[in-house]
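Based on these hints, arrange chain B on the given structure of chain A.
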Amino acid sequence: MSIKSVTQNGFAVVVLNGEIDLSRSQEVRRALLEPLAAGHPTLAEMSGVTYIDSSGIAALVEAHQAARKKSLKFGLLAVSEPVSGVLALARLDKVFSFLTEIPSGQ
Amino acid sequence: MTEPLLLEIKFVADPSWLSTVRQRVRTAAAQLTADTGWVADVVMAVNEACMNVMQHAYKGDMAGEIVLKMRQVGAFLEIALLDFAPPIAPDTIRPRALEDLRPGGLGTHFIRALMDRCEYANLAQGAGNILRMHKRLIVDARRAEVRAP
Chain A
1 MSIKSVTQNG FAVVVLNGEI DLSRSQEVRR ALLEPLAAGH PTLAEMSGVT YIDSSGIAAL
61 VEAHQAARKK SLKFGLLAVS EPVSGVLALA RLDKVFSFLT EIPSGQ
Chain B
1001 MTEPLLLEIK FVADPSWLST VRQRVRTAAA QLTADTGWVA DVVMAVNEAC MNVMQHAYKG
1061 DMAGEIVLKM RQVGAFLEIA LLDFAPPIAP DTIRPRALED LRPGGLGTHF IRALMDRCEY
1121 ANLAQGAGNI LRMHKRLIVD ARRAEVRAP
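Protein chains in written order, with the working numbering: chain A, 1 to 106; chain B, 1001 to 1149.
Think of the hints as simulated: they come from the structure by calculation, not from any bench. Quick caveat, the model's predicted, so the values are computed rather than measured. Each statement offered as a hint is correct.
Pairwise CB distance ranges (calculated): (1) B:R1096 to A:E27: 18 to 28 Å; (2) B:D1091 to A:T7: 44 to 54 Å; (3) B:D1116 to A:G18: 26 to 36 Å; (4) A:S104 to B:R1026: 35 to 45 Å; (5) A:P103 to B:A1063: 45 to 55 Å; (6) A:S84 to B:F1084: 36 to 46 Å; (7) B:T1002 to A:V6: 46 to 56 Å; (8) B:A1113 to A:E34: 24 to 34 Å; (9) B:P1090 to A:E101: 41 to 51 Å; (10) B:E1003 to A:N17: 38 to 48 Å; (11) A:E81 to B:N1122: 34 to 44 Å; (12) A:E101 to B:E1003: 45 to 55 Å; (13) A:T7 to B:A1127: 52 to 62 Å.
Quick reminder that beta carbons are idealized off the backbone N, C-alpha and C, glycines included.
For reference, chain A alone in the conformation it holds in the complex (with noise of 0.2 Å):
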């Protein structure tokens, strides 16, 4: 699994790529809150996510939170149909902010 973090548009976007894991979702977990922290709106760009499981899924849902405590916008960018599937199971695919391209002009 890779992790890179990159701005675009006024957006820090957390590129995921592979495998995420409860090996791994621990680090995704602090890529997604960093941030969020720092008062920057942040994407989750997951269209190289091949696996993710419940722990994956929780990282998610505490970016999404800590986004909501903030009034900062967080979404899931270009979503991969393995995690698609996994939210979808979850109930979760009407909670997320779903983008297929990052917005301009954040």
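Then chain B, alone, in the frame of chain A:
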């Protein structure tokens, strides 16, 4: 007669094992069907069950031993997951309400949603815990044709 095991793995409650376990389970389950969705359901249920053992039974003690066994029993795939942690009362293992939006607590919901049956029990004399999961096999038309006389 006991059906032969499709897979038996012994490993420790270290999350770095999960990737290997998923790969081994995927390979074993794929012997039963070409349906990748069915196989993915089995892989996810096993991953979540292993996570529950690591986090809640062994409480992060990465030296704890886990044994996973898979076999076909009639029209079902049976998976048994054994741990040797202090016994957990089976009736306390329940999924949380999904409307309660918070991080964590989804593993048991996933297992119940993905498998047809799951039963928790304690091993004899307080030696640990066992989770038995069953998933009905998919009749694979292509393979059935191959097997037909």
